[in-house]
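In order, the protein sequence lines correspond to chains F and X.
Read the first sequence against numbering that gives the first Met the number 0 and you will find it ends at 243, with the numbers running on by one and no gaps.
Read the second sequence against numbering that gives the first Met the number 0 and you will find it ends at 255, with the numbers running on by one and no gaps.
Treat the hints as calculated values from the structure; they're not laboratory data.
Note that this is a predicted model, so its numbers are computed, not measured.
By construction, the Cβ of each residue, glycine as well, lies at the ideal position given by its N, Cα and C atoms.
A few of these clues could be false.
[Said to hold, decoys possible] Simulated DEER-style distance windows between Cβ atoms:
1) F:Asn87 to X:Gln24: 50 to 60 Å
2) F:Ala28 to X:Met0: 18 to 28 Å
3) X:Trp87 to F:Ala164: 18 to 28 Å
4) F:Ala28 to X:Thr178: 29 to 39 Å
5) X:Trp4 to F:Ala164: 34 to 44 Å
6) X:Trp4 to F:Asp67: 17 to 27 Å
7) F:Asn87 to X:Gly129: 43 to 53 Å
8) F:Asn55 to X:Phe38: 29 to 39 Å
9) X:Ile44 to F:Asn55: 53 to 63 Å
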Amino acid sequence: MTADAITIQGLVKSYGALKAVDGIDLAVAEGDFVAFLGPNGAGKTTTINAITGLSNFQSGSVRVFGMDVVADYRRTRPLIGLCPQEFNFDPFLSIHKLLVYQAGYFGVAPAEASHRAQELLRYFRLGEKRNIDFRKLSGGMKRRLLLCRALVHDPKILILDEPTAGADLELKYRIWDFLTDLNRKGKTIFLTTHYMEEAERLANKVTIIHRGKIIHQGDKATLLGNQTLEQKYLELTKGAGEES
Amino acid sequence: MIKNWIGLKTLVRREILRFFVVFSQTLIPPLISSALFIFVFGFSIGRNLRLEVAGVSYLQFLVPGLVMMHLIESPYANTSSSLFMSRWHNMIQELLLSPLSYFEMVLGLLAGGVVRGLLVGTGVYAVSLGFTQFSFYNPWIVLYFFVVVTVIFSCLGLLVGLWAEGFEKLSVWSTFVITPLIYFGGVFHTLDMVPAPLRIVTKLNPIFYLVNGLRYGMIGVSDTNIAFSMILAATLAIFLFLAVETLFRRGYKLRS
């Protein structure tokens with residue numbers, strides 16, 4: 000039996016008195032495309048940070064392909080690519096160098112890193128901008144660059160935190176096509192988004208978190224029945240809100 | 000201990016590139032200020048006063064102190080600003096997401112400070128050759144203090160880069176702690192040139208031992224025991240490195 004791509008058990012993360020994530024269990028099988036949904040402040044980014052090692056947590060465990068992300072971080076981190084919400088690039092570097100350096104941190108040799116960087120920049124139509132720094136890019140270009148950076152070390156799991164926020168329609172479709180293609184080729188994708196259309200179109204599994212607790216986890220088709228994802232999402236989050 | 004050699008080399012390259020890109024702010028100013036110090040205090044005033052200290056000219060006495068001053072300031076400025084800016088812009092995520100071990104991260108970050116310190120220290124010495132020339136009393140001791148002192152203050156810069164929450168806090172340590180310790184650490188004077196009560200305070204200042212250690216290596220003159228200075232320097236370097244590595248491993252102000 001092979002391990003799930005991501006397994007979370009009893010994860011608790013508090014900020015002072017506030018429990019951002021309250022004992023969640025979550026499993027993502029290899030090859031899944033999971034939409035991880037929830038209102039602002041529900042615990043989505045905290046969960047992502049726990050998986051990627053950007054956040055400490057009080058209790059529980061997070062495993063990536065069976066390996067603990069804390070104890071075995073040197074083996075789990077190469078398996079994950081994170082595309083964060085914010086544009087946190089090094090302003091001292093050209094965007095090509097930025098990708099080459101990022102791949103380098105993951106142990107990719109310079110020649111191979113440069114080749115991968117060029118391929119990704121070309122695919123995301125940033126090839127002509129390769130020698131400028133990110134501050135001179137438009138918002139949409141910066142978002143594409145985030146994707147390039149997340150992918151440059153060829154991770155098995157891609158974690159996306161609002162990847163199409165602020166993107167125009169053309170870019171949104173291009174990113175969707177790219178993500179669909181990546182998933183088809185075997186990459187496990189864990190997507191947080193506020194766009195229900197995006198989640199419904201791309202994901203095969205849906206997980207909903209509300210006030211730090213998982214309120215739904217499973218197949219998209221089973222969840223939806225004859226409803227849209229937006230209808231179902233509102234029904235579940237409203238119900239959970241009334242209970243709590 | 001080091002497994003990700005490519006990752007470490009990449010980080011070292013980035014840290015060196017970072018200060019080379021702005022070399023007019025990082026490498027040139029220390030050379031100009033040192034030339035002015037040497038010209039005004041050592042060459043002009045020192046020569047006209049016919050000041051002799053410990054059997055060498057005041058100018059020769061001054062040079063090791065000035066070199067040490069920049070072996071302290073440049074690495075500190077490099078690592079503190081580099082880490083603080085990485086935290087400020089959240090670029091530190093690039094490293095935290097990578098499989099670099101915390102040991103490798105700290106090593107890579109401090110390498111930038113060490114290289115900048117070595118370049119500036121060597122440059123200040125090169126500038127001094129325009130005013131006075133002498134051969135090193137013990138080049139190995141000079142090399143030892145060049146490397147160990149840049150490690151100490153690179154680590155201290157990393158600690159402050161982690162601790163600081165704003166730009167103003169970044170300069171607090173430099174202005175209120177490091178600079179006074181340098182100026183009272185024997186850069187410009189011997190122990191018997193200061194009033195008796197200040198001698199006790201001077202002896203409690205670790206920089207005093209570093210300045211005198213380097214001065215011994217360069218001109219063979221020291222107010223301290225050279226073995227003690229060397230052991231103190233190594234102890235500080237190891238202690239500070241372990242402190243920084245521990246804080247990185249715990250995610251102090253790095254992970255939420």
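Status of the hints after comparison with the structure:
1. Hint check: Asn87 of chain F to Gln24 of chain X, Cβ distance near 23 Å, so the stated range 50 to 60 Å is violated.
2. For Ala28 of chain F paired with Met0 of chain X, a C-beta distance near 36 Å fails the hint of 18 to 28 Å.
3. Hint check: Trp87 of chain X to Ala164 of chain F, Cβ distance near 22 Å, so the stated range 18 to 28 Å holds.
4. Distance hint check for Ala28 of chain F and Thr178 of chain X: the Cβ-Cβ separation is about 59 Å, which falls outside the suggested range of 29 to 39 Å.
5. Between Trp4 of chain X and Ala164 of chain F the Cβ separation comes to about 37 Å, which falls inside the hinted range of 34 to 44 Å.
6. At about 25 Å, the beta-carbon gap between Trp4 of chain X and Asp67 of chain F stays in the expected band of 17 to 27 Å.
7. At roughly 45 Å, the beta carbons of Asn87 of chain F and Gly129 of chain X sit within the given window of 43 to 53 Å.
8. Evaluation of the 29 to 39 Å hint for Asn55 of chain F and Phe38 of chain X yields a failure: the beta carbon distance comes to about 53 Å.
9. The hinted range of 53 to 63 Å is satisfied by Ile44 of chain X and Asn55 of chain F, whose Cβ atoms lie roughly 56 Å apart.
Comparing the model with each earlier hint shows violations of hints 1, 2, 4, 8; every other hint is respected.
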